[in-house]
Amino acid sequence: MKLNKIIKELEQQGPEVYEKVSTRRDAVKSFSKKVAVAALPLMVASMFKKTYGKTTDSVTDALNFFLEVEYLQYNMYHSAMATGNISTGTLIVAADRPGFQMIENEQLAHLNFWRNLIDALGATPYTPSRFSGDAVTGNPYSPTSYDFTAGGKYDFYTSYASFLEVAQSVEDVSVRAYLGQIPNLVANTNDVMTSAIKMSSVEARHASFIRLVRRFAGAIDNPKPWIANNMPPTIPLQSFYLGEDNTIQKGIDVSQFTGYNGVAITRAAATEAFDEPMDKATVLNNYAQFIIS
Amino acid sequence: MANNTEKDILNTLDSQLSKGYSRRNFLQLAGGVAGAGLLLASCRRTPPDSYFVGVGDAGLLNYLYMFETVMAAFYTRSYEQGPAYYSMTLSELELLADLRDHQLIHKEFLKQILGRDVMGEILPDLSAITFADRTNTLTHAIALEDMLTGAYAGALTRFTDTTYVAPISKIMTVQARHAAYVRDILTANSFADSVVVDSNGFGQALSPQEVMATLKTYIATHLDYSKVPA
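As you go down the protein sequences, you meet chains A and B in turn.
In case it helps, our numbering puts the first sequence at residues 1 to 293.
In case it helps, our numbering puts the second sequence at residues 1 to 230.
Keep in mind the hints are simulated off the structure, nothing from the lab.
Among the hints, erroneous ones may be present.
[What the hints assert, rightly or not] Reference excerpt, derived from the structure (chain A facing chain B, CB under 8 angstroms, subset only):
#1 Phe-65
#2 Leu-179
#3 Pro-183
#4 Met-199
#5 Ile-220
#6 Asp-253
#7 Phe-257
#8 Gly-262
#9 Ile-265
#10 Asp-279
#11 Thr-282
[Stated by the list, open to error] Output of the computed footprint for chain A on chain B, the stretches with three or more beta carbons under 8 angstroms from beta carbons of chain A:
#12 108–122
#13 125–134
#14 158–165
Glycine included, C-beta positions come from ideal geometry on N, C-alpha and C.
Could you put together the complete structure from these sequences and hints?
As structure tokens, then:
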């Protein structure tokens with residue numbers, strides 16, 4: 001299954017790669033009759049490393065950065081979903097659990113995708129420090145690596161409202177993390193740009209949902225599904241939103257546009273209409289408070 | 001039949017609009033001279049031109065510009081007509097105004113970066129939507145927002161001038177926020193379901209030709225989009 005999928009992906013790279021792949025496919029066929037079954041996965045992996053497009057170190061860095069973001073998000077949702085129980089009450093309320101389960105599943109899918117791709121490219125996938133997951137089964141849950149209270153700053157595990165504030169900020173920044181890297185990936189070797197684009201829209205859907213949950217719960221900042229100005233859910237999370245109030249897009253100040261009925265649009269609307277990228281170092285600085293080093 | 005005639009008139013007006021007339025001036029001029037009968041006749045004599053969407057990057061940007069024109073018209077009508085027909089919460093009304101304004105901003109932004117390559121303003125056809133009905137309106141909103149998110153995602157890998165990538169990607173994620181929102185107010189917890197997210201956790205990226213097959217049903221203007229990058 002997995003091998004077929006890899007071959008299919010490689011085939012989409014163009015005729016040049018296709019030639020390479022088809023000879024390799026023949027090679028796999030003839031080899032597989034002779035080589036012990038146990039040795040197959042290793043052999044196949046080593047063959048396919050060579051058929052992926054050449055990836056620069058900066059691209060590999062970007063992919064490992066995505067992986068780090070996804071590890072943190074998956075662990076955040078998984079630990080929150082696991083907090084509490086039916087008799088004492090769960091941290092995440094029943095009505096919202098299907099939504100958060102969906103988010104958790106999608107973060108896990110992202111994590112696995114990047115980890116497998118980095119591995120296939122012959123680079124070393126990022127692993128959280130103090131990793132207590134399972135490298136053999138691939139279980140990425142590592143509670144020893146993360147503290148989402150940030151050393152007691154947030155009531156993440158005991159207050160649903162606090163969990164939502166942290167989750168919104170982490171999720172909004174994950175959108176910004178992808179937006180920061182996409183313009184660096186335009187060569188799109190091995191479809192890395194396409195994959196990053198497709199994931200960024202899903203992160204944005206997650207963020208929109210969490211913001212709507214908070215809005216309906218009557219959060220004091222009355223959040224919208226989009227980011228108005230640089231408003232954080234709570235002051236300690238302000239740094240996650242710095243730069244979100246930009247209104248200059250490709251040299252044009254979009255806050256000067258005329259809108260409905262010939263009336264000037266609001267500055268807030270101008271900031272909402274565009275998400276803003278965040279560079280890798282700033283993303284990781286914001287996330288650092290949740291990582292046990 | 002009556003609908004078609006109306007569409008023809010609007011199309012003709014629209015092509016005049018693109019030549020520099022304002023629609024109101026044209027109506028005033030035509031009305032002042034001869035009244036509605038002659039207006040109808042004159043419109044029949046000038047069948048609407050087919051609008052050329054463009055080639056290369058300009059084709060891509062015009063295609064997105066057309067889509068945003070439809071979206072802006074859609075939310076403007078929803079905002080103006082929805083509350084009169086069904087009770088809308090204040091929250092929903094506030095966010096509906098946001099949706100409308102965001103699309104107007106995206107549309108104007110695309111128009112400005114297109115500069116002299118911008119195509120004539122198309123005429124949206126919203127006749128399939130029942131604005132008096134919340135479920136019907138939201139169902140169309142979901143289809144359009146999901147598709148527009150996929151359209152931006154698909155356009156991003158097709159630009160020759162990659163300086164468009166940064167601003168267009170910033171719009172793409174906001175469209176995804178819109179899509180999630182309109183999905184969730186119709187059906188709770190459906191913001192990123194398997195209709196729009198695959199088993200790798202990937203959202204959609206759609207080709208312009210895929211999108212146009214559906215989008216053209218929301219546009220009255222005749223279009224030639226054959227040269228938009230496939």
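Practice item. Answer holds if the nearest beta-carbon of chain B is closer than 8 angstroms to that of A/Phe-65; otherwise answer violated. Key: Given a least distance of 16 angstroms, the restraint on A/Phe-65 is violated.
Check your understanding: Is the interface hint for A/Asp-279 satisfied, with its Cβ closer than 8 angstroms to some Cβ of chain B?
Key -> At about 13 angstroms, which exceeds the 8 angstroms cut-off, the nearest Cβ of chain B leaves the hint on A/Asp-279 violated.
Check your understanding: Minimum Cβ distance from A/Pro-183 to chain B below 8 angstroms?
Key -> This hint holds: A/Pro-183 lies near chain B, its Cβ roughly 5 angstroms from the closest one there, short of 8 angstroms.
Exercise for review: Would you check whether A/Ile-265 satisfies its interface hint, that is, whether its CB is within less than 8 angstroms of any CB in chain B?
Suggested key: 5 angstroms, holds
Check your understanding: Do the numbers back the hint for A/Asp-253, that is, is its least Cβ distance to chain B under 8 angstroms?
Key -> Violated, about 10 angstroms.
Review point. Do the numbers back the hint for A/Phe-257, that is, is its least Cβ distance to chain B under 8 angstroms?
Key: It holds, given that the least Cβ distance between A/Phe-257 and chain B is near 5 angstroms, below 8 angstroms.
Point to revise | chain A over the stretch 125–134 of chain B, status - at least 3 residues with CB closer than 8 angstroms | key: Violated: only 0 residues of the stretch 125–134 of chain B have a Cβ under 8 angstroms from chain A.
Review point. For the stretch 158–165 of chain B, do at least 3 residues have a Cβ located nearer than 8 angstroms to some Cβ of chain A?
Key: holds (count 4)
Point to revise | Evaluation of the interface hint that places A/Thr-282 against chain B, nearest CB under 8 angstroms | key: This interface hint is violated because 16 angstroms lies over the 8 angstroms limit.
Review point. Taking a Cβ-Cβ distance under 8 angstroms as contact, does the stretch 108–122 of chain B have three or more residues in contact with chain A?
Key: Since 4 is at least three, the answer is holds.
**Study point:** Interface restraint verdict for A/Met-199 against chain B (beta-carbon cut-off 8 angstroms)
**Key:** 6 angstroms, holds
Exercise for review: Grab the minimum C-beta distance from A/Gly-262 to chain B and call the hint holds if it beats 8 angstroms, violated otherwise.
Suggested key: 11 angstroms, violated
Hint compliance for this structure: hints 1, 5, 6, 8, 10, 11 and 13 are broken, all remaining hints hold.
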